[in-house]
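Visitor: Here is how the chains run, residue by residue.
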Amino acid sequence: MAEQFIARGFKGRARDTDRARRERIPPGQYETKEFPVLSAGPTPQTPIERWDFSIYAEVAEQLKWTWDEFQRLPRETMTVDIHCVTKWSKLDTLWTGVSVDTLLAGIDLDAQPSIRYLIAFCDGGYTTNLPLADVRGGRAWVVYEFDSKPLDPVHGGPARLLVPHLYFWKSAKWVRGFKLVREDRPGFWESVGYHNYGDPWKEQRYAGD
Amino acid sequence: MQDNDLRLDGNAAGGLLNEIFRFEMTTAEATCGGCGTVRPIGEMMLYQHGMGAILRCAECDTALIRITHVRGCYRLDLSGMTYLRIASEAH
Amino acid sequence: MVQQLKWQLCTVVEIRQETPKAKSLILDWPERTTHLAGQHVDVRLTAEDGYQAQRSYSIASPPGEKHLMLTVERIDDGEVSPYLTDGLRVGDRLELRGPIGGYFVWDARNGGTDGSTLFLAAGGSGIAPLMSMIRHRASTGNKVPTRLLYSSRSYEEVIYREELDRLSAHDPTLRVIHTLTRRRPANWMGYGRRIDRAMLADTAWPPAEKPLAFTCGPTAFVETVATHLGELGYESGRIKTERFGPTGG
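Protein chains in written order, with the working numbering: chain A, 1 to 209; chain B, 1001 to 1091; chain C, 2001 to 2249.
In isolation and in its complexed conformation, chain A is listed as follows (with noise of 0.2 Å):
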């Protein structure tokens, strides 16, 4: 196979970070100081009016908040590194909303074992797939601020789910429930080859990785 041609004198974006947190960057990763916007379709434009964020289990009945009622849910503020599978991770990100574990809590999950997985399904369509393990356990929230501001429709507001252990396609846009289920669905991403689990510190970005 020929040689690739390197540009002369081209370094892309600053791609440098200091050693102390080059161990927060997982193999593969560079560091970012901007937030990208990565864009799979137009920007939901969904008023809060008509926003509602609802849970259906196969084994319980529907739950559902308005925008309102989402707000009145105990609220978390966490700091972590999120992960994109294009290769930048932005290290200590800021964020506010409910944890997974508060939308699941008048669900008895032990009582079915055999509900194993979470789609989350957005406006516009995206959908992505986890098992539900790794959205409980004060891993996942449903977030509506970032750095202390509403969240910007570009980023995903008014609210996004955040998984930060996995690659960040897994931390859906415009996210408005999940479906608990028994078999796994792969989502958006999935279905196209990317990793159906997605853990950052394993690489693991394509499926069959």
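No lab work stands behind these hints: they were computed from the structure. Just to be clear, a hint being listed does not mean it is correct.
[What the hints assert, rightly or not] Examples of chain A residues lying across from chain B (beta carbon under 10 Å, computed): (1) T86; (2) W88; (3) A207.
[Unchecked claim] The list that follows gives simulated cross-link-like pairs (lysine-lysine, DSSO-like), each with its CA atoms no further than 30 Å apart: (4) K11(A) to K2240(C); (5) K33(A) to K2240(C); (6) K2021(C) to K2240(C).
Being a predicted model, the structure only gives us computed values, none of them experimental. Backbone N, C-alpha and C fix where the C-beta goes; we use that ideal spot for every residue, glycine too.
Following the hints, put chains B and C in place on chain A, whose structure we already have.
Guide: Relative to chain A, chains B and C alone:
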């Protein structure tokens, strides 16, 4: 940044489509499975997401073509369109 | 059938400062095939550690020229444009593939013989593919009645200004209308605002003249122009758009 400022015309996917198809695809016409509109791929809305390319109907935003190219393999999801019409000869 | 495009190397033979922020790269590309006015190339930059960035640039030169011209506007926090405008030197090589795109093209051999007219609307560096069309029209002696409405931030930032002045001065069938959106010279008599429906109503060919429209520039600009032309009665199939994305290239 404004909403939707990131989107391009389907014509900008010409290079990627040329990697996959033997024919000039930017002028190929697709029937949208969402609203029935028939338009050339050049008139679709292209979202060049870093993870793949998404071509959407300009009328109803249905995703007509999704393309990823990972680990040496192209994957296409064409389920959003019902028909694709490609000229086999230049006219 | 189309040829499968391969990434190829071309050599920078000249770098021309067009405006304070825009430069034209004149490229020698030995393996090229001829192109159609309006087509683009994909440019790929690879860093030493293997990192790659890719962007599309419209071909500004007309078909039939010995060298290829790409015109790049420097976006200050961009990743690729600062390299192309400030990092490249004459003699450097650049990796690209093309020509690409069958949709946003104008061929003088097809145009101007059916009583139609040509309306071109450019926003900033969106002038590049339209300039390929204008130069192609001039070099083939095509006389299809053509109007160019060209939006720039200021007089100094009008790319190809002198050439457009010269071409329109010598060709009564080509009319160039400028609008300067941020700063205007003291004696400026032309438009001084962003393109809006009223300006298009005054400058674009009326639908009765069977116009074919091409508009290129930042995505928001293109969508504004295309929407208004549609409202003014242009057939949607005869409004061709080339969005450059958020920053115009």
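Visitor: If a hint holds in the structure, say so; if it does not, say that too.
Guide: Hint-by-hint comparison with the structure:
Nearest Cβ of chain B to the Cβ of T86(A): about 4 Å, under the 10 Å cut. The hint holds. Using the Cβ-Cβ criterion of 10 Å, the hint placing W88(A) at the interface with chain B is satisfied: the shortest such distance is roughly 9 Å. Nearest Cβ of chain B to the Cβ of A207(A): about 8 Å, under the 10 Å cut. The hint holds. Of the pairs offered as hints, the one joining K11(A) and K2240(C) is violated, with about 35 Å between alpha carbons and a cut-off of 30 Å exceeded.
Simply put, K33(A) and K2240(C) have alpha-carbon atoms about 37 Å apart, too far for the 30 Å limit, and the pair is violated. A distance of roughly 27 Å separates the Cα atoms of K2021(C) and K2240(C); the hinted pair therefore holds under the 30 Å criterion.
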